[in-house]
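2 protein chains.
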Amino acid sequence: MTEYQVPRGTRDLLPETMAKYALVERKLREAARLFGFREVRTPTFEATELFTARSGDSIIEEMYVFSDKGDRSMALRPEITASVVRMYLNEMTKSPKPIKVSYLGSCFRYEKPQTGRFREFFQFGAEILGAPALESDAEMIALASDALSRLGIADLVIRIGQIGIMRQMLQSTRVPREGWPAILHSIDKKEFGQMEAAFEDYGDGGSSDKFSALAELKGGREVLAEAREISGEMEALTYLSTLFDRLEKMGVKGLTVDVGVVRGLDYYTGMVFEVDSPSLGAEKQVCGGGAYALAEVFGGEPIQSTGFAMGIDRLVLALERQGYAFDLSGVWAYVIPLGEKAVAPALGLAAEMRMAEISTDLEMMGRNLSKALAYADVCKARYAIILGERDLAAGNATIRDMKTGDQKPTKLTEIVKIFQALIQHEKQ
Amino acid sequence: MTEYQVPRGTRDLLPETMAKYALVERKLREAARLFGFREVRTPTFEATELFTARSGDSIIEEMYVFSDKGDRSMALRPEITASVVRMYLNEMTKSPKPIKVSYLGSCFRYEKPQTGRFREFFQFGAEILGAPALESDAEMIALASDALSRLGIADLVIRIGQIGIMRQMLQSTRVPREGWPAILHSIDKKEFGQMEAAFEDYGDGGSSDKFSALAELKGGREVLAEAREISGEMEALTYLSTLFDRLEKMGVKGLTVDVGVVRGLDYYTGMVFEVDSPSLGAEKQVCGGGAYALAEVFGGEPIQSTGFAMGIDRLVLALERQGYAFDLSGVWAYVIPLGEKAVAPALGLAAEMRMAEISTDLEMMGRNLSKALAYADVCKARYAIILGERDLAAGNATIRDMKTGDQKPTKLTEIVKIFQALIQHEKQ
Chain A
1 MTEYQVPRGT RDLLPETMAK YALVERKLRE AARLFGFREV RTPTFEATEL FTARSGDSII
61 EEMYVFSDKG DRSMALRPEI TASVVRMYLN EMTKSPKPIK VSYLGSCFRY EKPQTGRFRE
121 FFQFGAEILG APALESDAEM IALASDALSR LGIADLVIRI GQIGIMRQML QSTRVPREGW
181 PAILHSIDKK EFGQMEAAFE DYGDGGSSDK FSALAELKGG REVLAEAREI SGEMEALTYL
241 STLFDRLEKM GVKGLTVDVG VVRGLDYYTG MVFEVDSPSL GAEKQVCGGG AYALAEVFGG
301 EPIQSTGFAM GIDRLVLALE RQGYAFDLSG VWAYVIPLGE KAVAPALGLA AEMRMAEIST
361 DLEMMGRNLS KALAYADVCK ARYAIILGER DLAAGNATIR DMKTGDQKPT KLTEIVKIFQ
421 ALIQHEKQ
Chain B
1 MTEYQVPRGT RDLLPETMAK YALVERKLRE AARLFGFREV RTPTFEATEL FTARSGDSII
61 EEMYVFSDKG DRSMALRPEI TASVVRMYLN EMTKSPKPIK VSYLGSCFRY EKPQTGRFRE
121 FFQFGAEILG APALESDAEM IALASDALSR LGIADLVIRI GQIGIMRQML QSTRVPREGW
181 PAILHSIDKK EFGQMEAAFE DYGDGGSSDK FSALAELKGG REVLAEAREI SGEMEALTYL
241 STLFDRLEKM GVKGLTVDVG VVRGLDYYTG MVFEVDSPSL GAEKQVCGGG AYALAEVFGG
301 EPIQSTGFAM GIDRLVLALE RQGYAFDLSG VWAYVIPLGE KAVAPALGLA AEMRMAEIST
361 DLEMMGRNLS KALAYADVCK ARYAIILGER DLAAGNATIR DMKTGDQKPT KLTEIVKIFQ
421 ALIQHEKQ
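Protein chains in written order, with the working numbering: chain A, 1 to 428; chain B, 1 to 428.
One or more hints might be untrue.
[Claimed, not checked] Only part of the chain A face toward chain B is listed, based on derived beta-carbon distances under 10 Å:
(1) R29
(2) F45
(3) A295
Keep in mind that the hints were calculated from the coordinates and are not lab data.
We put the CB at the ideal spot given by N, CA and C, even for glycine.
Using the sequences and the hints given, assemble the complete structure.
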């Protein structure tokens, strides 16, 4: 029909899909508000250096980059945390601490399109800036847990680690600091062969076993003791123990220690966590976050920060996989005028219904009754209101229940009242 | 503090501003839903040709354009109607008609930053595809009117014109079709000197007066008769009369005939309208739309279409100018533990409150009472809940009304119930 197509790797969200996204986004917003986070919005593109400062020039390959007319390099944001920290440094350093903010928005990555991974995708996230680590880390994990439970994601697994464990261990190897990112990356991906090769390159192949043993430690709090046996006493392990205490007092369920969670990004500094929804199979992670140091990367004063991000696409998919009963209902009432004389009363009735906050659509095509009802059905209208000329002459109309097909003649003047009662009844 | 700045012409929406944007966006969504429109979302960028096909190559100057790795030219969308029509042609031609959709999203224009005009701005809009013109035009104007009234925009002026009046008039001049856009553009901007010069260029200076007289006709329905005196009988004028009949039956207020509304864009084909909020002064337009033919521009089958778009920035500004009482309140409860022993009960209480859907924040900085209260105040918490160690030993806590300063000792176990009652009371 047209040569114009949606750009490769992106998609349109048609009404039924969009209804699911809107529901997920609304519930995530509600959860953040319930925890005292306040929403912010930052620009869709930023100076490219904002992202390279954090992740190195290699990230340029994975971003949409363009020059503006002042020949400044700009990038469509690959994530939103960097923007929040920039916003904080530009405009909020004087604001009372802590700063608790949340966001919702489009992010972009320039990679080969794959199933379930899009070049434009939607993220929800939250950050706490300026509160102590323990308090921030616990609050963020509690919010992630609450938001996902509130959404209806079942069987959440919250895997919590501490980047300091591996970092401190690395200090006692022969690997120089510039070799750490590659090793941490292979631990993150559980590519232990690659990790071993890296250790061997530095003439320290013997260290490899300890790291893979640590990286596979996963379970209840008893795991902290097992880690201690491998790594020795460590502040990071004591910290995790204190964090678990706090989270338990907050009633957070589904907690797991996972020493192998190190996250890909270099700017994490302490606690790191990921949340899985097992319903998703191999690509099960729905949330990731941790404590990070980004303000100083951007030339600002250091400030304690913890945040997380969730991908809306994965969340919608997880709910679909679980058979979640999305509410895809249409309007409460579909008004059908039959004949020219019925049009004016139909317009008046629709206006009156909408004024009373009752969602109402109107037959606009001049169709006959059966075709109009077929459309009302497709649009998932709950009721149809049929206005026939003869009925109208007696001040009447007919309400048809679109689920059962039951029809009831009604006084035109009472329709709004009847619907208010119907809606109250059905909402109970 | 940092060299990293928000990109020129864009801005961060900090929490207070974002709360206003979120309110406006939520209410616009509600209005669309109430009228039976269903939300859709299209990509933030599109193939550049989608926009040049409609507006010519000159629009490239005003867009953010970049090449993707397949060397296809992409543009950040300057508006969303073109994307909706593309989406329709790609995926919805077989859907039952009419198609009624709405959208909310970022748009971009690459122009010199000016007060109140940003390079990234936020639009709400709606479209009806596939219904007859009269029904579609009336429904769109009714939605625009309802949405703006529901928002609280006062003294709306809805100016309705018909592009066919000027087009038909132009047919009886010596101006060839390729000269029309420039003349229509000068009429749109009320630059009559420029218009006259254009007519003179085509050796038809005498026509100029009729056009400026028509373009200045504005008022109630009596204006249609005045227009007829200048232009002669015209289908477009009869159409406007019928449209006004229908809108009056729908109870739409604030209607004005404005023959001078021709809108800038070439793809409008029939009714065109603009809505003003006089509170905004010179830049008073908050909504613009009309009937358009875009599907055929994209190589598809023609389909009757009417739509409008509103700028969220202008709407927020209009409400601010009117002194609209935005709800900028914070959480219901700010929980303050005093002393180490109070921390566990505070965490438990906050979790319990949040579980009961009562928005609750938690003192995380270990501050003393007066500093914690000062923070609760800044965050506009409605109440503070103070947990002192001695009170807790007796199972008590103190609820402080942050507006009045009144404090009341309370049983810890009854706090959730008390808040549920307080909230119900204050919401009434």
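Hint-by-hint comparison with the structure:
1. Evaluation of the R29(A) hint against chain B yields a held restraint, the C-beta minimum of about 8 Å falling below 10 Å.
2. Interface restraint check for F45(A): the shortest CB-CB distance to chain B comes to about 6 Å, inside 10 Å, so the restraint holds.
3. Evaluation of the A295(A) hint against chain B yields a held restraint, the C-beta minimum of about 8 Å falling below 10 Å.
Of the numbered hints listed earlier, not one is contradicted by the structure.
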